[in-house]
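Asks: Throw the hints in and build the complete structure from the sequences for me.
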Amino acid sequence: MFEYTIKEKILNNKTILVTGAGAGIGKEAAITYAKLGATVILLGKTVSKLEAVYDEILALGLAEPAIIPLDLRGATKQNYIDMSVTIASQYGKLNGALLNASMLGELTPFTQIHEQIFGDVMKVNVNAQYLLAQALIPTLQLAENASLVFTSSGVGSKGRAYWGAYSISKFATEGLMQIIADEYENSTLRTNAINPGATKTAMRASAYPAEDKDKLATPADIMPLYVYLMSDDSLDVNGQTIKAQ
17 MFEYTIKEKI LNNKTILVTG AGAGIGKEAA ITYAKLGATV ILLGKTVSKL
67 EAVYDEILAL GLAEPAIIPL DLRGATKQNY IDMSVTIASQ YGKLNGALLN
117 ASMLGELTPF TQIHEQIFGD VMKVNVNAQY LLAQALIPTL QLAENASLVF
167 TSSGVGSKGR AYWGAYSISK FATEGLMQII ADEYENSTLR TNAINPGATK
217 TAMRASAYPA EDKDKLATPA DIMPLYVYLM SDDSLDVNGQ TIKAQ
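Note that the numbering used here numbers the sequence shown so that position 125 is 141, with each residue one more than the last.
Since the hints were made in silico from the structure, they are not lab data.
Quick caveat, the model's predicted, so the values are computed rather than measured.
Warning: the hint list may mix true and false statements.
With a straight-line cut-off of 30 angstroms between C-alpha atoms, the simulated DSS-like cross-links for lysine-lysine are [said to hold, decoys possible]: (1) K109 with K259; (2) K259 with K61; (3) K174 with K23; (4) K216 with K229; (5) K259 with K23; (6) K109 with K61; (7) K65 with K93; (8) K109 with K231; (9) K139 with K174; (10) K229 with K65; (11) K216 with K259; (12) K109 with K93; (13) K25 with K259; (14) K109 with K139; (15) K23 with K65; (16) K139 with K61.
Okay, the calculated beta carbon distance ranges per label pair [to be verified]: (17) D198 with T21: 25 to 35 angstroms; (18) K231 with A79: 33 to 43 angstroms; (19) D228 with T21: 23 to 33 angstroms; (20) E131 with L76: 38 to 48 angstroms; (21) Y146 with D230: 29 to 39 angstroms; (22) G170 with A218: 14 to 24 angstroms; (23) D230 with N29: 36 to 46 angstroms; (24) K259 with T21: 16 to 26 angstroms; (25) A104 with P125: 44 to 54 angstroms; (26) Q132 with K23: 39 to 49 angstroms; (27) A233 with P154: 31 to 41 angstroms.
Here a beta-carbon is modelled for each residue, glycine too, at the ideal position from N, C-alpha and C.
Replies: Right, here's the structure in full:
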């Protein structure tokens, strides 16, 4: 695992947006950030899941989170701009954004990739990430320093047979991250990506249904990297894709 000692309340007074916050890694990150002192903004497509995370955070006596129900497949550029403006008006700034939501699509030979599924994967994993980042950067720049974190994959740096649309989308994600990181290198915004590795999530289960899930890392196991990149300890880290395990 990525070796980092998480300090108590290291995210105090930070406001952090997490996409895909209703389940899996996004849920774990949101709750972890809240425990460390952050106010979290939960973005996801399923309201009931977001409400469950909201309730869990409140039950722990932590800062009240916000909920933004949004399906990345259908959201428009204006939806993201309005969201960013609202965050700026309500919180004054955004210290961090974890762009975690992704769509797997289907594992299939390249010649059999369905055009509709390819399009949906690109909408969620590429188009939405670009539009989100574009809209959020002005609000991230209102903070003294800010961290923008994308989510990549092992198949985002080396193509793998049958991973088609998902692999292509993660190559694009790494390129997107590197471009933003280079453009804002001398600013208060740092931009990086996380490769979470094999983790016990619903997406992983759909890709590897026969796998022994008990041998996988849990979302909680990989949180040190997620905390590190949102904390001031990573102020000098920019343009990197880092493995969580």
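Asks: Between K229 and K65, is the straight-line Cα distance small enough, at 30 angstroms or below?
Replies: This hinted pair holds, its Cα atoms lying about 22 angstroms apart.
Asks: Need the status of pair K109, K139: alpha-carbon distance at most 30 angstroms?
Replies: Answer holds: K109 to K139 is near 27 angstroms, not above 30 angstroms.
Asks: Straight-line Cα separation of K216 and K259 no greater than 30 angstroms?
Replies: The given pair, whose Cα atoms are some 16 angstroms apart, holds under the 30 angstroms limit.
Asks: Is the hinted pair K109 and K93 satisfied, with a Cα-Cα distance of at most 30 angstroms?
Replies: holds (20 angstroms)
Asks: Is it true that D228 and T21 lie within 23 to 33 angstroms of each other by Cβ?
Replies: holds (30 angstroms)
Asks: Taking the beta carbons of G170 and A218, is their distance inside 14 to 24 angstroms?
Replies: holds (18 angstroms)
Asks: At the C-beta level, are K231 and A79 separated by a distance inside 33 to 43 angstroms?
Replies: holds (35 angstroms)
Asks: Does K259 lie within 30 angstroms of K109 when you go C-alpha to C-alpha?
Replies: holds (28 angstroms)
Asks: Are the Cα positions of K139 and K174 separated by 30 angstroms at most?
Replies: Roughly 21 angstroms separates the two Cα atoms, so the pair holds.
Asks: Using the Cβ atoms, figure out if D198 sits within 25 to 35 angstroms of T21.
Replies: With Cβ atoms ~30 angstroms apart, the hint holds.
Asks: Given the hinted pair K109 and K231, is their alpha-carbon gap at most 30 angstroms?
Replies: Given that 30 angstroms is the threshold and the Cα spacing comes to 40 angstroms, the pair is violated.
Asks: Against the 30 angstroms threshold, does the CA-CA distance of K109 and K61 hold or violate the hint?
Replies: The hint holds at about 24 angstroms.
In summary, the numbered hints that this structure violates are 3 and 8.
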